Every structure is written in C-alpha cells, then in structure tokens.
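Chemist: What follows is the residue order along each chain.
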Amino acid sequence: AQKVTQAQTEISVVEKEDVTLDCVYETRDTTYYLFWYKQPPSGELVFLIRRNSFDEQNEISGRYSWNFQKSTSSFNFTITASQVVDSAVYFCALSPRSNDYKLSFGAGTTVTVRA
Amino acid sequence: SQTIHQWPATLVQPVGSPLSLECTVEGTSNPNLYWYRQAAGRGLQLLFYSVGIGQISSEVPQNLSASRPQDRQFILSSKKLLLSDSGFYLCAWSVPGAGGPAYNEQFFGPGTRLTVL
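Here the protein sequences line up with chains C and L, keeping their order. For reference, each letter of the first sequence is one residue, going 1 to 115 in our numbering. For reference, each letter of the second sequence is one residue, going 116 to 232 in our numbering.
Since the hints were derived computationally from the structure, they do not count as laboratory data. All figures in this text were calculated on a predicted structure; none of them were measured in a lab. There may be inaccurate statements among the hints.
If you only want the chain L side, here are some residues facing chain C, beta carbon under 8 angstroms, derived [what the hints assert, rightly or not]:
no.: 1; residue: G158
no.: 2; residue: L161
no.: 3; residue: E220
no.: 4; residue: F222
no.: 5; residue: F223
no.: 6; residue: G224
For glycine and all other residues, C-beta sits at the position ideal for the given N, C-alpha and C.
Construct all of the structure, not just a fragment, from the sequences and the given hints.
Modeler: Here's what the structure looks like:
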C-alpha cells in the first residue's frame with residue numbers, strides 16, 4: 001500500500017520568509033511518481049511538479065524548489081521569499097507504477113503568508 | 116486548450132435525497148476521468164476513475180456511483196445521501212497514452228461543495 005505523510009498541518013509565515021513543506025512517502029514500488037499540487041482558496045487544485053523515482057535531481061522553478069531524497073523517502077518543497085499569493089493548501093501525492101490510476105494524497109499543509 | 120467544468124458549484128441536500136454531480140472536459144479526447152472527495156481538513160480520496168465510455172472503477176465502497184455516458188462526461192450519483200457524504204467533490208482528468216496514467220499529471224475542476232443536512 002502507498003502512503004503519503006505531510007506532518008505539518010499548518011504553517012504561518014510573514015511575507016518574504018522562506019517556508020519548507022515536508023513530505024514523506026511509503027511505497028513498495030521501485031517505479032513511482034511524486035507530485036505537488038496547490039489548492040488556493042478557490043478550491044481548484046493546480047499541478048506544480050512531477051518527479052520520477054529515478055530522477056533525484058533537485059528542481060527550481062522561480063521561487064519554488066523541490067528536494068527529492070530517495071534515501072529518506074522524502075520530497076520536500078520550499079517556497080523562497082514567500083508572498084501573500086502563496087497562501088494555499090499544498091498537497092504531496094504519490095502514484096506508483098503498479099497501480100496506474102491511483103494518486104495517493106497526503107493530508108495537505110495549509111500555508112498562510114501574512115503581509 | 117483543455118478546460119474542465121463541474122456543476123453545480125455548491126449544493127445543499129437533505130439526508131436521503133438523490134444526488135447528481137456532473138463533470139465535462141473540453142479540448143481533449145478519451146481522457147482518463149476521476150472523482151475525488153475532500154472532507155474538511157483532509158486530503159483527497161479517490162472515489163472512481165474511468166478510462167473510457169462505460170468503464171468505471173470504484174476505489175471505495177459506498178452509496179455513491181459513477182457513470183460515463185459520453186467520452187468527456189463523468190457523472191457522480193447517489194440514490195440516497197448520507198450525512199457522511201458532505202464534502203468537496205473534485206473531478207479531474209489526465210491524458211492517456213505515453214507515460215501511462217501513473218505518470219501523467221491530473222487536471223482538476225473547480226469542485227462542488229456538497230452539504231448534506
């Protein structure tokens with residue numbers, strides 16, 4: 001079975017602070033994909049990134065960066081110089097190759113950025 | 116470009132009443148379609164997915180059902196709602212084919228907030 005744990009329920013920061021969201025996963029599959037989604041107050045989930053289990057390269061996209069460490073089964077997400085528009089619920093998700101259609105989500109971390 | 120629609124946006128229904136939520140996708144063909152439920156303060160739970168017309172797979176046994184009468188239409192139904200059916204229902208789609216469904220990211224609709232009283 002697959003499991004995704006986002007231990008941080010809520011994080012509150014002041015604008016321009018950095019914030020790191022933790023994600024730990026469990027799977028028996030050797031091939032799997034990891035995702036991060038953002039859910040703003042409007043409710044619609046927005047895809048942010050996908051990571052292949054064979055690709056441990058870290059990735060940076062603007063103020064967003066992701067750190068994938070297979071050794072610790074973690075896929076952490078950092079927002080640098082946070083802005084009010086970053087306020088949202090962020091979900092980490094896992095899709096194992098053996099169960100093609102099932103995307104398992106973590107419980108989400110609510111990020112509040114205060115001006 | 117592809118778009119996904121869901122309606123209604125909000126719904127308040129009494130216990131025991133029927134339910135029908137609709138989702139349609141535009142701008143793509145033969146998408147994989149998904150229904151999720153998000154309870155307050157929780158992550159998303161996959162309810163159903165479909166890889167083609169008339170093909171429905173259920174992930175969680177419950178009093179809900181899904182149907183796909185057309186290629187880009189996905190309907191979530193119930194004959195009798197329970198209090199526990201309250202939540203935020205999200206429809207999503209993904210591209211079939213290369214990379215496989217596990218690989219391809221899912222695109223979500225705006226959701227339907229259902230309150231069962």
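Chemist: Each hint should be assessed against the structure and marked as holding or not.
Modeler: Hint-by-hint comparison with the structure:
Checking G158 (chain L) against chain C by beta carbon gives a least distance of about 4 angstroms; that is within 8 angstroms, so the hint holds. The criterion of a C-beta within 8 angstroms of any C-beta in chain C is met by L161 (chain L), whose closest approach is roughly 6 angstroms, and the hint holds. Annotation: E220 (chain L) was flagged as interfacial toward chain C, and the flag holds, the nearest CB pair being 4 angstroms apart, inside 8 angstroms. Hint on F222 (chain L) holds. Least Cβ distance to chain C is approximately 7 angstroms, under the 8 angstroms limit.
The interface hint given for F223 (chain L) holds, since its Cβ lies 4 angstroms from the closest Cβ of chain C, which is under the 8 angstroms cut-off. Taking 8 angstroms as the C-beta cut-off, the interface hint given for G224 (chain L) holds, the closest approach to chain C being about 7 angstroms.
This entry satisfies every hint, going by the numbered hints stated previously.
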